[in-house]
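So you can see what is in the structure, the chains are spelled out below.
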Amino acid sequence: MCFKNLPVEFDENGQAYLKEGVNNPYDYQVIDLAEREDKVHELLAKNGFIKSVDYDPVTRVAGALAFHSVVDLKNKKVVSTNSMATLFRGYEIILRGRDPRDAAYISSRACGVCGGVHATTAALAMEMALDIKPPPLGIVIRNLLLSIEYLYDHPLHLFLLAGPDYSEQLINATNPELFKAATKAPAKNQAKHGYSTVGEIMTDLNPLTGKLYLEALGMTRVAREAYVLIGGKYPHPQSVIPGGVAATITPSVLNELYIRLQKFFDYGQKVVGIWDDVFDFMVEFNPDYARCGIRPATMADTGVWDRPGVYDASYANMDEWGNARWSTPGVLVDGEVVTTDLSKLNAGLEEFIEHSYYEHWDGQRFKTDPLGLPLSPNHPWNKETKPKPGKQSWRDKYSWDTSPTWDRMPMEAGAYTRLYMTAKAQKLPTSEFLESTGHSLKILVPGGVLPDAGLEWKVPEHWNALERNRARAYAIPYSAMVSMENWKMAMEMLRQGETEVSTPYEIPKKGTQMGVGFWGAGRGFLSHHLVIDDGAIGNYQIVTPSTLNAAPRTPWGAEGPYEEAVLNTPIIEANMDDDFKGIDILRAIRSFDPCMPCTTHIMVDGADKLITREVTTCACGVE
Amino acid sequence: MVLIGTLGYHNLKDFSLGPILFPIMQEMDWPDEVEIDELNWGAVAIVQNFQARTEPYDRVVILSATPRDRPIGTLTYYHWQGGIPSLESIQDRISEAVTGVTSLDNLLVIGEYFDIWPTETLIVDVEPHPEQAGERLTDALQARIPEVLKAVEHAALADWSAIKPKEILEGKQFELYP
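Residue numbers (the numbering used here), protein chains in the order written: chain P, 286 to 908; chain U, 12 to 189.
Please note that the accuracy of each hint is not assured.
[What the hints assert, rightly or not] With the C-beta cut set under 10 angstroms, the calculated list includes, among others, these residues of chain P facing chain U:
1. Arg-345
2. Val-346
3. Leu-441
4. Phe-464
5. Phe-865
[To be verified] A short list of chain U residues far from chain P (calculated; beta carbon distances all over 12 angstroms):
6. Gly-16
7. Arg-79
8. Gly-93
9. Ala-108
The hints are simulated quantities; they were obtained by calculation from the structure and are not laboratory data.
We put the CB at the ideal spot given by N, CA and C, even for glycine.
Use the sequences and the hints to build the structure in full.
Structure, rendered in structure tokens:
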């Protein structure tokens, strides 16, 4: 059974149908959050040791995120949490009514890091809607661009955004006993990174001055240089188009790219060694660190990196080409694979707005997908974006983020989900460098200065903040090795004279076409649902990884992933007075690599103001 | 070598003064030693490009429209005199820069921290109308273009002794941090 909560069943031929005898099959319960909030207020009023701890904004994340928590400082636990996206992302409205060819360029601006990913996702949606099949080299080049974006993104997060949380500076300020022990803890991977103790690693994680921080800044340049060789510019490439890429690919371009890519082989080994040492030490020192940011491994991923010869952009063959990807798409519930089919991933998606600043929309345009799978009225193809700024209230609406679910469960997304799904599903294509074992992902990294290495990321026992970051470290060599596979293919194609990189297409002036782009940002799951009506965009819906991770509560009261992860986080920080920094809470949040869409601007009908100016972001005094 | 760099997001009316004037300035006649370039591609990337140059710039002129609570259209032309905020603030600005935020203040502070600015760094900054979406400048800013270009030209070409001690036009140094 794929769905446990949605009213969708399958007959013996695998044909989906709506469960019979259910009056309102997609009905759901909306619970009143007031009762829970009243209890929290009572606790706050009665107990001086229970405090509101607010971060607005949460720093060292991309974009505008605020987080409200209530912490019991005596019992060292979190009592209540609320995650708030404080800016409105209006791309769905900007895109409506435009020429579909604008989608890649405009949606690319949704992010200052993953612009190329959004552009590609829009291109994929167009390809499906208009039956455009890119040539093999176009597919391979797109894969290379994606890997390089990851090679920019992952070091950036590990060392510039999350890394300082594990640095000597922060640890000495919050848990000096941990740093003292670290200075005596031998680093097991010294041969890979050169540090003899974990304390030395932590010192070089110090922001601005630490060698690892500065090295990561330097690696972002290497990745950017590689990207612009094909993408033209970064982060908003001009060369990603429906039907492939608009770039001239020659052996010298690929060789230039390889020179940069190669630098990530040794670097990937080093980064894995660094974070294995830091995290292993922390959990050995205090097993409670394994509970920081813990939640079930209930996650969704779109899979990425298409296979030429299999990918044909069609919805009908989506499960086949999805399963052939170099990272397997699908859904994990509590660490177990529920599906790897993109069609089922798509059919189970819904977005709810009960605790978000939006109005509900009327009607349900699409009852089923193109294969006949039933769709919810809350499915992205049926959803409309109707912003309604209002008062912030924990009892009611408190975020510009929606609450997406799959089979009525909040889903987590991340670079790590790619590893988790791929390791568990065992559908990885035959590869010289990668192997999926069902419980791990083996990565063979060719040597540079360091010798060849066989790395193995193992599915962890507990899904927590440290494991998210550890998996993100392994995602560097994983991405580099997928790049190698694709680089080799690209060279071979050029040798064979296959130089075509794009397929021309026309946009029909009449009729309705629909498509979905499933691709992955550095932070994981990304979908663009597109409907074209008479040659213009009729509806466009974007679900980003942070839409999933930063979600407010569902209508039935289930916490979003940040909210749940922080709620489960023990307070290990030594400071319990005015110096309380909430480092454990911040580690839990940052482990998701939050990326709140930044620079979001949208005109309000009939006004010359921008809606972003009207948002209340301060959590002080919120009910 | 002199760099004239423009800064600002596209399609935000007055806030896009830099990107709007960039192609216009490219068409103007400049001495060989003057380069015109966009500085929109992230403060960290700009720092790295400066660091990679074999021949450092002798002078940098940055054109931007940054809100500073001045009357709309106010043109301020000033000498960047350096100074940096707390390390925590710099760290936050770097986090913003690597995740896509383009801002004059972040560029100046991050550039200062990594010591890329020559002594002769000048800013030409105009007060924009409150943020609006759109491809064109407001009339108020459109009317200031000749003066803006004159200020940029002066900043790029005038003898340093004629610039250094003075606050030019309505210029003053802004406090970018407490």
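Hints the structure fails to honour: Checked against the structure, the hints that fail are numbers 4, 5 and 9, while the rest are satisfied.
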